[in-house]
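Chains as they are written, first to last, in the numbering used here: chain A, 1 to 219; chain B, 1 to 654.
Just so you know, not all the hints are guaranteed correct.
Pairwise CB distance ranges, derived in the manner of DEER restraints [said to hold, decoys possible]: (1) His161/A x Glu275/B: 58 to 64 Å; (2) Pro165/A x Glu275/B: 27 to 33 Å; (3) Val341/B x Phe160/A: 32 to 38 Å; (4) Ser370/B x Met2/A: 27 to 33 Å; (5) Val341/B x Leu99/A: 17 to 23 Å; (6) Lys396/B x Val145/A: 55 to 61 Å; (7) Glu123/A x Glu275/B: 25 to 31 Å; (8) Ser397/B x His161/A: 55 to 61 Å; (9) Leu374/B x Lys61/A: 40 to 46 Å; (10) Ala267/B x Pro165/A: 31 to 37 Å.
Here are the simulated DSS-like pairs of lysine-lysine, each with C-alpha atoms no more than 25 Å apart in a straight line [said to hold, decoys possible]: (11) Lys111/A x Lys347/B; (12) Lys376/B x Lys127/A; (13) Lys285/B x Lys359/B; (14) Lys285/B x Lys111/A; (15) Lys347/B x Lys84/A; (16) Lys347/B x Lys68/A; (17) Lys307/B x Lys84/A.
Worth flagging that the hints you see were computed from the coordinates, not collected in a lab.
We put the CB at the ideal spot given by N, CA and C, even for glycine.
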Amino acid sequence: MMMFDRLDEYEKSDFILFVLAATDEIQLGPIGKKQLQKVVYIIEAVSPIKEVIDDFLYRKKNYGPYSKDIQNIVNVLIVYDLAKIIEQKPFDYRGEKRLRTTYGISGTGKKVVRELRQYPAYEEKSKWIQKIVKIISLYGINKIVDLVYAEPTFQKVRKFHQAIPINETEKNLSVELMKFLKEISEGEFEHYVENDDLLLIDFFDFLHLKAFGGDNGVR
Amino acid sequence: MKKIILPKLNRVGVADYDLYREDISFTIHEGVNIIIGGNGLGKTTFLNLIIFGMTGKEQVKPRLTSKYFMDRVENKRDLFPKVTVEFSIGDTDFLVRRDIRTGDIDILEINDKGVVAEADELEAIYNKNVIECSNFGSFNNFCFILKSLLYAGEDRKLILWDLKTQTEVLGLLFVGKDHIENYFGLLKKARDANTQWRHAVDDNGKLEDELKEIEIKRENILEREPIVFETKNKIRDIENEIRKIRENLDIIEDSLKEKREIMEKRAVEIDKISEDLENLDEKLKVSELVVHQRIYPERSPIYEEAKYQLENYGICIFCRSRSDEARNMATERESNKRCIVCGSPLKISQEAPESSYSKTLGEIDELSKSRQILEKRREELRFEIEDIRRAITSAKSEEEGLRREEGILKLRREELRSRKEFLENEPARITEYDLMIYNYINLIEYRKEIIAQHREAWERAGEEFEMEVERMRRELRAIMDNFGRKFQDYASKFLGKSCELEQRGKRMKTLEFELPIFYPKLDEKTRDLETSVSETQRLFLDHAYRFAIISLIFESTQYPVLYFAETPEAFSDVAYIKNIAEMFSDFCREGHTVIITSNLSSKTFLSEVLKDYGMNERKNRVLNLLELGKLTEVQEKERTSFDILLKEILGGES
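The following block holds chain A by itself, in its conformation from the complex (with noise of 0.2 Å):
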C-alpha cells in the first residue's frame, strides 16, 4: 500500500508541506483553510520566473481563488500523519453552524521536508517559498486575503467559479507587472537583474499599495 501512484501528487504534496513548513519555521503560527488557499495562490502567481511549483487548479470563489486539490491534498496529509489540524472551533455563519480549522506541519511532516530538502532541486524550490512566506508574514497573515484581491490575475476574472488563469505564463498578468516592474528598476540598480528576492519585495509592495494606499504597512 502506497500514498500515491503518481509523481505530479507527490510535487504538490511536497509543496503544501513546504509551505506548512514555512509557517511553522519563521512562526508564522496556525494557518487557517482559506488563508492556506491564498498563500498557494500567491506563491503560484509569481512562480513562473523560478519554474519551480506544480499546477492547481483555481475557481474565484465569494471569498477569493479556491482550489479542491489543495484541500484533498491536506486532508491526505493530515490521514498520514505529515500534518496536523491545530485547533478546530464551530462558528456561527449565517445561522449555520460551521468548523474553523487551522493546520500546522507534524513532526513525521518536518521528518519528510528534511529528508527532501537533501535534494538541491527540491531544496531550492523549498528556499523559494520559504522567502515568500517570509515575505508575506512581513505584512501580516492576516492581510493575505487584500493582497490576493489587489492581484491582476484574479482581479481580471469577472465570474463566479470561472477558472483563473494563473498558470497560463500568457494570461498571467502578475508575470507581465513583474516584466514591468524589472524593467524600470533595471535602469535604477545594475544588480538588480540577478536578484530576485528585490523583485519580489517590489511585487508585493506593489500589492499593497493597491490595496491599502501610501503606506506600505510593514512591521
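For this one, chain A is given, so just place chain B on it according to the hints.
Frame of chain A, contents of chain B only:
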C-alpha cells in the same frame, strides 16, 4: 451683263368657263390693250387666267389655284374649262392650253410645233424651254418676275419701297448665275494658286532644315576620333570593376555556403540534445517517483489502527461501536487486499531493496549533472546559430549590393559598347552624307524655280479675279446709272417735275461688291418711306420704277415685254391723269404690250391712252366684259350709260 428675256403676250383664249357667257379669244396688240368691265364681271380673273396659263401650278406667291377659278362659277360639273395663252420669249413662240379644273397642260406648242407627252412631262418640257429661252436660273424665278415686276395688281403691292423684293428682282435680272459662277471660279483659282505656292515654300523650308541636319552630322563625325578612344578606355575600366565584383561575390557565396552547412550541423546537434534531454527527464521522473515513495510514509497510522481495532475487537475507532458484521467484512476485505472502509483495491508498492534505492539516488545525481551539461551545451549552440544567422544576413545584403552594382556597370558597359560601335561605323558615312548634301542642294534649287512658277500663277489668278470684280462693278454701275436716268424720264413725265433715284449700296452675302437699292428723291428730299409721298405719287412712282427696269432689259435684248396694270386710273388725281396716260404711252412706244383693266371710272384716262390709235384699232384693243360677263341687276339698269361711255371712249376724236 446678263441677257434676261421677258415674255410678250400675243393671244388669250378662254373656253367653257362659265364666268363668261361666251368663249373668249382675245388677240393682244402691241401697245395698250384694255379689259373693260364692271365690278365682279371677271377683269382680275381674266388677268389671273393669263398668269395661270403661263405659270400653272407652281408655288410662287400669290398662288393661283384651280379652286380659286372654279369657286367663281356655278356650273362646275358639265364644263371642262380651258385657258389658252400664246406668248413669245425672245424668238420662241409658246402656245399653252391648260385645263382650269386640274391645272394640267393639255396642249403645248413651241414655235408652232405640238409637243406630245403625258401631262407631267409636258409641264417639265414647258418649264425647261421657258428657262432656256428666258435665261432665268429656274422656272420659279420666271414666275416670280412675272408676278412681282410685270403685274401691278389691284392689291397695289409696291416694289419700290419693298427692299427685299427690290433686291431680289435686281439680283435676278442683273446679276446672273453664270456671272456668279465665273466670279467664284476665279476666286477659287486664286486661292488654290496661293495654297500651292505656300505649300511649295513650306516644302523647301523642310528640305533646307534637313540639309542643315545632315551638314551638322557630317561635322560631328569629323570630331569623333578622340571620343572613340576614350570610350574604349572606359569600357576596359568597367570590365575590370565587374571582374572584381565577381571575385568578391564568389568569396561571399563560398562563405555563405560554409555558414549554412555549420548552421545545419548545429541544428541537428540541438535536436539530438533536446531528444536526450527528454529521455533524461523521463528517467529522472521515474527516479524521483522512487525517491518520493521512499521518503513518504507507506501507510496511514490511522488506517493501521482502525484495521487493528476492527479485526481484533470489532470496534470502530471513530464512533467506538462494536460490530461483528463490520469485523467480518474488514477481515474479508483485508484478505482480498481491499480497503477495510470502502472495499476498493489497495495500491501495493513494490518493495525496493536498500541497495537499489542507493543506486537510484546515485542515478538522480548523475542524471541531474548530465542534464545541466546538456542544457548548457544547447544554450551555447543556440547562441552560435544566432551569430551565424546574423552573419548570413549581413553577407546577403552585401551580396545584393554587389549584384546591383554589377548590374549597373553591365548596363553602362552595353551603352558604351553600342556607342563605340556607332562611332566606329560613322566615318564610312561621310561619303554618303556628301552625296546627300549635293542632292539636297540641287533639289532645293529646282524647287525654288517651282515656287517662282506657283507665285506667278497666284499673282496672275489674283489679278484676273480683281479684274473680274472691277468689271462687274463697272458694268453694274453703268447699268444702274442708265437705270436712274430712265426712271427719271418716266417719273418726271408723270410728276411734271424732276424726280431722281437715290442709290444706296447693299452688300450681297457672298459677293465682294455691293448691289444698289433705290429710293426716289423728290424736291431734294429722299423719300425712303412709302408714306412720305401721296397715294397717287406712290402708285405711279412704282409704275415708273417697273417701266425703268423693263426698259433697261429691253435696251439690252430689244425684245418687247408684257405688262399688266389693274385699274391704274382708279386712285389717280384728275390733275395727273394726262401725265399718267403720257407715261404709259411713252412706255408703249418702246413696243411693249400693256394690258390695262378698267371699270370705266375715268373716261379721260382711257381716251388719253387710246388717242394714238385709230377708231377701228381701238375696238380691237378692247375686250368688253360688259358683253361677255354676267351683269347684276344694278349693272343691267346702268347698261345704257355704260354703253354711252364706252362709245365715247372708242369713238375718241371722231
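Satisfaction of hint between lysine 84/A and lysine 347/B, Cα-Cα up to 25 Å:
Holds, at about 24 Å.
Problem - Satisfaction of the hinted span 55 to 61 Å by the C-beta atoms belonging to serine 397/B and histidine 161/A - result: Holds, since serine 397/B and histidine 161/A (Cβ atoms, about 56 Å apart) stay within the stated range.
*Is it true that histidine 161/A and glutamate 275/B lie within 58 to 64 Å of each other by Cβ?*
At roughly 42 Å between Cβ atoms, glutamate 275/B and histidine 161/A fall outside 58 to 64 Å, so the hint is violated.
query: Quick one, are lysine 347/B and lysine 68/A close enough, alpha carbons at most 25 Å?
result: The hint holds at about 23 Å.
A range of 27 to 33 Å was offered for this pair. Does it hold for the Cβ distance of serine 370/B and methionine 2/A? Between serine 370/B and methionine 2/A, where Cβ atoms are some 29 Å apart, the hint holds.
- Query: Are the Cα positions of lysine 111/A and lysine 347/B separated by 25 Å at most?
  - Reply: OK: lysine 111/A and lysine 347/B at ~24 Å, within 25 Å.
Review point. Holds or violated: 32 to 38 Å for the Cβ distance of valine 341/B and phenylalanine 160/A?
Key: Because 34 Å falls inside the window, the suggested range holds.
Taking only the CA atoms, is the gap from lysine 376/B to lysine 127/A under or equal to 25 Å?
Judged against 25 Å, a Cα distance of about 24 Å means the pair holds.
Straight-line alpha-carbon gap lysine 307/B to lysine 84/A, limit 25 Å:
holds, 21 Å
Subject >> C-beta pair leucine 374/B, lysine 61/A: status relative to the range 40 to 46 Å that was hinted >> reply: holds, 43 Å
Taking 27 to 33 Å as the hint, is the beta-carbon distance of proline 165/A and glutamate 275/B inside that range? holds, 31 Å
Original post:
Within a Cα-Cα threshold of 25 Å, do lysine 285/B and lysine 359/B meet the stated pairing?
Top reply: Between lysine 285/B and lysine 359/B the Cα gap is close to 15 Å, so the pair holds against 25 Å.
When held up to the earlier numbered hints, the structure conflicts with hint 1 and nothing else.
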